[in-house]
Every structure is written in structure tokens, then in C-alpha cells.
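Construct the complete structure from the given sequences, taking the supplied hints into account.
Protein chains: 2
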Amino acid sequence: MAHAAQVQRMSRLMFKTLRDDPADAEVLSHKLLVRAGFVRRTAAGVWSWLPLGKKVLANIERIVREEMDAIGGQEVLLPALLPKEPYEATGRWEEYGAELFRLKDRRGGDYLLGPTHEEIFTQLVKDQCTSYKDLPVILYQIQTKYRDEARPRAGILRGREFQMKDSYSFDTADEGLAESYALHRAAYQRIFERLGLDYRICAAIAGAMGGSKSEEFLAPAAAGEDVFADCPSCDFAANTEAITYELKPVDAAGVPALEEIPTPDTPTIETLAAHLDVPASATLKNLLVKVNGEIVAVGVPGDREVDMGKVEAHFAPAVVELVTAEDFVGRDDLVRGYVGPQGLEKVTYLADPRVAPGTAWITGANEEGLHAKNVVAGRDFEVDAYVDVVVVQEGDPCPNCGTGLKLDRAIEIGHIFQLGRKYADAFQLDVLGQNGKPVRVTMGSYGIGVSRAVAALAEQHADDKGLCWPREVAPADVHVVAAGKAKQTELALDVADQLGAAGLRVLVDDRPGVSPGVKFTDAELIGVPTIVVAGRRAGEGVVEVKDRRTGEREELTVAEAVARLSA
Amino acid sequence: MAHAAQVQRMSRLMFKTLRDDPADAEVLSHKLLVRAGFVRRTAAGVWSWLPLGKKVLANIERIVREEMDAIGGQEVLLPALLPKEPYEATGRWEEYGAELFRLKDRRGGDYLLGPTHEEIFTQLVKDQCTSYKDLPVILYQIQTKYRDEARPRAGILRGREFQMKDSYSFDTADEGLAESYALHRAAYQRIFERLGLDYRICAAIAGAMGGSKSEEFLAPAAAGEDVFADCPSCDFAANTEAITYELKPVDAAGVPALEEIPTPDTPTIETLAAHLDVPASATLKNLLVKVNGEIVAVGVPGDREVDMGKVEAHFAPAVVELVTAEDFVGRDDLVRGYVGPQGLEKVTYLADPRVAPGTAWITGANEEGLHAKNVVAGRDFEVDAYVDVVVVQEGDPCPNCGTGLKLDRAIEIGHIFQLGRKYADAFQLDVLGQNGKPVRVTMGSYGIGVSRAVAALAEQHADDKGLCWPREVAPADVHVVAAGKAKQTELALDVADQLGAAGLRVLVDDRPGVSPGVKFTDAELIGVPTIVVAGRRAGEGVVEVKDRRTGEREELTVAEAVARLSA
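The listed protein sequences derive, respectively, from chains A and B. The first sequence runs 7 to 573 under the working numbering. The second sequence runs 7 to 573 under the working numbering.
Hints are all accurate, no fakes.
Because identical chains cannot be distinguished in the list, a pair is counted as satisfied if it fits within a single copy or across any two copies.
No more than 20 Å apart at the CA atoms, straight line, and that leaves these computed lysine-lysine pairs for PhoX-like:
hint: 1; residue 1: K90; residue 2: K110
hint: 2; residue 1: K139; residue 2: K491
hint: 3; residue 1: K22; residue 2: K132
hint: 4; residue 1: K139; residue 2: K22
hint: 5; residue 1: K428; residue 2: K90
hint: 6; residue 1: K132; residue 2: K428
hint: 7; residue 1: K22; residue 2: K471
hint: 8; residue 1: K132; residue 2: K90
hint: 9; residue 1: K443; residue 2: K132
hint: 10; residue 1: K352; residue 2: K296
No lab work stands behind these hints: they were computed from the structure. These numbers were taken from a predicted model, which means no experiment stands behind them.
Printed below as a string of C-alpha cells:
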């Protein structure tokens, strides 16, 4: 039976390759995984895994499972359909906003489709563990998760239903949490190495998860939604969202008093800088946003862009929106295009650390056509809080060594968090300590995007002909092509059987009436690491063995080929 | 690594056994699976699988997967979150009624949580297969399914979120469908045999699925929701819902004319039969139901109960409800307690085949306190349709040989359907035939309740001490108990390591500070097939090997025990 499953005849495989990219596909992995017949779109951000894709997914799951078991992780399976109450207890029922799929059952009870399971795991451990002797515990599951993404895009890279491995550690002491975190970090390194993914471990901000320490595993890829900064001189690497500029106050003693200057028709930084003939960096840009409906101003140097991700992370889980024209109605204190912090008594003012105390700026004078110069932070206006919210740019100084940073796009394939006691506090998760007194439990949470890893692999392992799977995740070890008529098909099936008997997973293209050219093209598109062709010299029992990645090819007898490949 | 995963120390396992049955548990499997720490309730009908339960679930999945692969099934994974449109195309979006979990996404689009996937598989095959050469195809998935049961009960036996293996066959001809059906039937037999389930294959009605031929795999168990009839004489076995009585018209020539008789205060069959001193079987009971809101009458002999399941199946997918007092308001033709078919011109009248043409009855005269006798079917009233809707009773004649039937309760663990072209018609699923003309595809659909099988196993394999898992599905092969102090623990861990190295899956109870009595009780409750105790004679290197099911025990040296168990 095992043998039967090892050899898959393509004449009986449900698959269809496409020569053209799907019309809606923007990124490489989306194009190739659809064209090679690995996945099929069922709805926006909702995908079906076809036989070849399911094999890759299963291989990744197996590797993740083995490495999680190896660090003592215990596999469980929690529901995806979850009651509202635990998520209300932590505030996430509201905080998740529109990203949460909510639904009602037939009795009107509120449910959600789990985006992540901190609440349920915390309740589970509260029920199961009562003493310090029951800890530490690492629990994991490989499960379907749901997030109602605003813009489901990029194929399976960012779906609304997706496969994740999520795990949770429970410890009585901070040192224990640090150890559980280190175990996961090492397991993730082994997992991504076995998967064949190129990745970097980057400092990250925790976002809506809460907690203190957090690192991301980022796989560099053009299709990535994350941007990370890499220092060419030291080992610093971080998600650009996590990079913060140091606050360095300067002495403003020599700066003249604030002076208003007429600046007609200069509602933008560009028009202002041109009008005054100063660099944009001399001006102060005041961005207005609404945080849970209330207007907040954010000041950054005029030459820098605001990273809305950083702003959202700062206010998370509150909802952050840009202001619209309507928000200015009835607000005489807010003069669109001429806002300056020195006139914003009613508005919370955040500033980038680059707007340090003592720095002087040209900024709006809160009156149409009027700006002010020599506006000094801490003298002419107060900053309610400093938050680094600017977009990191290529060449910005490394926070560690000062060298100009290099920027790259990447896919987040894993994320590890030291959550601390946030969820334990919400559910009063205590165990009896060694001294007989209750101890509040400290938690970590750890995720791997299992279905996303398929996309990350496709992004990193492809060429102009198609996919090139690393062996351990490939849908098969060997792709045997019958390139010809009956003689070739007979030999191909024979080679496939021998390879299957040797324990290799074999795909054999025995489709009748399909030309060798089409079969070769399909084999390159599907991307099994080794391609064996029974072709011109089939009569002599000679096949061609080709490495999909390098293109190296060699003619071998069947016996040689089987011996070589099963070695 | 494989080795590490094979030996699970209970000191590090998250589990908690309970001595008492959970308060809400009615059935054996619910009680035992919760008490033994296999599952935990998260919400009504929504369960979490704890480490031991997850192992059993994974074993069942493996067996199902192997046998599905063996019949050429190709594994895929379709989403659980599904768009409304395909289910609207087949009418099931409405037909499923309150059983379907429906939800909206952030843009207001309608979605459902898949209860079964005929629509999506049909669309998939329509997309992937274009020629008769691409068929037959058998596709399967092991996936989470959702049904908003009105009364989620009996633990994991009838959950609202559950694991299923569903598969679908696609053929061009009826013979092909018959073959795909036969392949599934044989695979299911192998699966349930390997699982160690006692089961019967029974004729079934197709319910909301549509289609012609259908059989159920029923596992006899007191907790079962299905009742099946077994003939003691021939090989007939059927779900009682599927048993139909033959229509046998009789000659009514000698029956006198209809005669109305005063019967004050006889609104029930019991009061009527007592008043007239006739057996209940001489009377005709007319049950009123609402079918999609419209009143329908159903006539059955007064001594028989109506099987609402059969009524629902007849009208499926329409919603069937019992009438309430309100439904009689304004309906002068419907006199509660005195309804007779001879006065029901405005109401559809269904009758059981036992109310055959020519049979004479005592029934209501459609006037308070008045009945009629000599009311002859086909003479005094017309039957719109004959449908067998009575509850089958122990001793009813076998439809095959006439012997009195035996009735038993059972759990539906599998169901196979020859759907035919219902779904192919809905989606115009054609492939190009051998003659170059389009051929409409014919389908089968086949399900195994994977999580329900865990409950069925627990029902069938338990005694007063707890669970007794068949080896292939058990959470471990051997449960080693350290019954004593350091010496016993050391020996237990040594035995566990040796058994693990021999390829056995081992649970070792090395919990410090837990008494041997508690460990024994837990071992019996958890139900691993073999229990090895390192106890009194640990110092001599002697352990006790006990069969969980039979209770047979034997003292062996460690070497003997390891040799015996790994044989």
C-alpha cells in the first residue's frame, strides 16, 4: 500500500497546468502555484489545495510537527469556531475590528473564527494545570485560521483562511519563558533550514499581541509585504517597523523667537519649501489622524514619510484612520495645510524623535496662507509623546553601529513573542507555587505560517521555467517523463516502480497523447528536484537524469539511475 | 527525534483525569473521553482535542488516508469558509435552514461554513477536467466541517464543528459510478475493520443529499441516534428510516357506507378507542404538520407512531414543523382532535401504505365530538401520496422475508451515496466524451465521521474501569507505570526507553508524588492496550505485563517483556 502511494501516475492525477499567468496574479508565487496546478482560488483570499499543493503542505506540516515534538511540544487541536466571551475578556473581540470574522449561531449566540488562540489556550491551561509541577508546558496545533484581510492579495501569501502552526508556552518564571522562547527560536531555525528557506531573524514590534520581546523570521522575497533593514557592517537586522531613532535633545538657546511669515498658496511641504527656498527637511510636517475617532497630530521632518504601520502599532489595538475633509468641519483650530503644533491645545501631539526638544522648524501658523519659522520643540510647543513613526529609508543610520542600512522586502514566515502575563492576568491564570502560594503564569506565543511557507518557498525557489522545490518539501523526489510512445512509457513506468520500491516518492508522466515537449514544460513548471526522461535511448534501457535546478543532465542506464537516485 | 516522540513522559504531559462524570454528560463516550482527558468542551458542540485525544484522532486520520490512497483517492484540501453562490445554485443555501452557519465578510459578502462540499468539488472538477480521459477521479479531504445542530449533545458524537473525511467520485458512466461506489464500500470496510469498530452496512435514505443509492455504516451503540433493524433470519439490515411497507390495496366492496357517530370528549386516539371499545389499530390518526409553512395532513393507523425523520426526509429539504394551536385559528376545516381526511379538500393528504386503498377506518368527522366509521381510503377520501412514515417497531415484518425484525441503536460512522447527476446538472459539469460529444458527469459522495469515530470507539471499547482502545488507534501501544519510588521510576523509564527504541509508542507514568493506586486507576481509564507495571519486584528487574481488556497479567523480566511486546 505504501508503495502504491509512492508512485503517482500523472495520467490519473487531477491536475491542469496553465501556460499563461492568471489575470489577477501580481506576484511570482501566485502565478506559478496556480499555473502549476498546486492551488485554485475559491473566493477572495480563500484557496483550495489541489493534489500537488496538498503534498507540499503535508511535507511542511510533517517537518513542523517533528521539530515541535523535538522541543517537547504537545500537539492539540482547538476549535476554529470560538465563543465570544474569552475574546471579550481580553478586549480582542472589539480590538480586532473588521479583521475578525464574526457570526451568530441559530440561538443568536456570538461566535468568531479564530485568528489566533491565546485566550482559548490560557483557559485550557487554567483548567488542566494547577501546580508549578504541571509546568512548563508547550502546546501546539496545526490548524486553519481566519482573518478578514482588507485586501486579500498575492495568492496564498495573504489569505483570509490559512494554515498556521501556533504554539503557546506556559511558565511560572521569566527565566522559564526565556527558555521556552529560546527552544522555539532554535526549533524555528531548524524548521526553516529543513524547509530550504532563506530567512533572517529580525527584531519586531509586537503589534496587537501585546508583550515585550518579539522576533520575526523573515524570508527575503520581492513579493514580501514587510520591509526589513540589514546592516552591512554589524549583525543588526530588524523589521523597519521596529527601528526607532534615538531622542537627542539639542540646545535651542541661540534660536530667535518664533516669527510668522506670509506664505500664500503653500498648503503642501513641496510648495512651502519651494516658496521659501529651503530644504523640506527644515520644515515640520503635521499629519492628522483619527484614533478611535479622535483627532491626533503627528509631527515629522518635512522630508520624511510617516509609516502608518508604526502609527497603528503605537495605538494598537485602537483603529487609526486618516482624516478627511469632513473632519475639519467646525474645527477652527485645524487649518488644513497650515497646521502647526504651537496652536493645537485641543489635540494630542505626537512627534518623531527627530523633532527632539530644542530643534527649530518652519511649520504652519494655523491660519490660511501663514507659516511660522523658528518654532522650537519644547519652547514654542509641547510634545505629548515621542514615537518613531517615520518610514525607514535606505541609508538611514544603523541604530547599532551607525552604518547606512540596506533595505529589503520579505515575507514574515514565523513570529515568536514573549507575551508575559497579559493573558494570564485576563483569566487569572495562577498555579500553586513551590512555596504554596499562587504564582501568575507567564506565556509565550509562537506562529509559523504553514500555507504561507508554501508561497515563500515558491518565491525563493523558482526560475523562468517554473518552480524548483527543495527536496524535503517537494511534491515528489523524482519526476519521470515518458517522452515517446509505448516503449518509452513502459520504461518510464518501470523506472518509476523501481524508484518507488526504493522508497522514493515518484511522479510519472505517462499521459497518453501528450507530446514530450508539453511534458518537459510541465515537469519544469511543477519543479520536482530530479527529472528522469525515458526518451530516445529507451530501447537501450538508457534514461536521462536531469537536475531541475542546475539543469545538469546525464545519460545513465536504468540500474545506474535507480542506484544514484536512491543513494 | 522519532525516538523522542515515541516515549511520552506523563510527568510532562498536559492531562488531568477526573474521577466524576461531567455534569452535562449523558452518554458513555462523552463521560469517558472527558474524564480520561482526551477532549474538553470549548462551547456547545465545539470541542478541543487534548494531547491524548489528538493522538487517537491522528491515528484514525492515518488509517483513513492510507485506505483512501489505496483506492486511488487523491488528497486535496478545500476551504471551510465558502462563498454563498455555489450553494445558491443548488438551492442548499436555503434548504439547509438553521443548520448552516452563515456569515458576512467585511464587505458584506455572504459566506457559509461548509457542512459538506459537493458544490465546490463539482466546480473544481469542472475547472480541472475537460475530457473523458481525465476521469474517473476520486478526490478526498480530511477537514473540519460545520453544522449548527439544534441540540448539540453527546459530546463529540454530534458536534457543531467536527472532523470529516469526505470524498467525491466523478465518472462519465453509471457503471463507473457503481465501481467508484464499490471501491469506497470496500475501503470503508477495511477502514472500520482496522479501526476495530463493530459495524453493519445498512440501506439508508439519502436525505438532503439527493441521489439514488445510499448505504450507511452503523456502529451499534446505546448512545447512537440512529435505529437500525436487523433481520434474525435473512441478511437484511437497514436504518429504520429506510424501511418502507409495501402498499397492498384491499377490496372494500363489503364495507357499509360511512356513518357519523357521536363521540363526546374523544380528542385523542386513546380516549376514542376506549369510548368505542375498539383497538387503536382500527382508528386512523391524522397528524398535521407544516411544510414550509403550509399545513399537510399525514394519516397512519392509530396504533402507530409517526417517524418525523421519515416525514422530514420525504419533504427534504423543506422545513417540517408540528402545528401549534395558532395554526388552527381561522381554519374552520381543521377541528382539533376530530380531523378526518374525508373533509380536508384544502389540505394535502399523505398516508402510510398501511392506509391502503380499500381499508376502512374510524376517524374524525371534522366536527367537535363527532367521529365517522367505515371511512374507506379511495372511496370516502383521496390520498394524495403514499409515504411510509411510521416508526418501525421491534417485530415488524422484515421487508425481505417477513420475519419479525430486531431493532438496535447505532452511530452513523460512514455514509456512501450514489449522487448521480444532481450536482453535475446544477453546474453543467460535462466532459468531452469518446465520441467527441459532451457527456454529463455522474458523481458519488462518501463520508466518514473522523472525530465521531473516536466517540464510536469509546462507546464500543470500554468497561466499568474506563476506555480500552484497539491497538491501531490507541494513544500509545504500552502504558508503563512506575509504581513506587526512585527504583521503580528508574526501571519504568528504562523499560519505556527500550520499548520506544523497539518502535513502540509508549506512555510512561513517571509522575512524582502520585500514588500507585492513582496511577493504576488512570491507566485503566486512559485505556492503552498493554500496561506494564514496575512495582514490587523492580529490584529484581521484574515487571508485570497486563492486558487492559482481559485483565490477564504476567510477571516477566524486562528483557522478556520487551521481547514479547515488540514481537
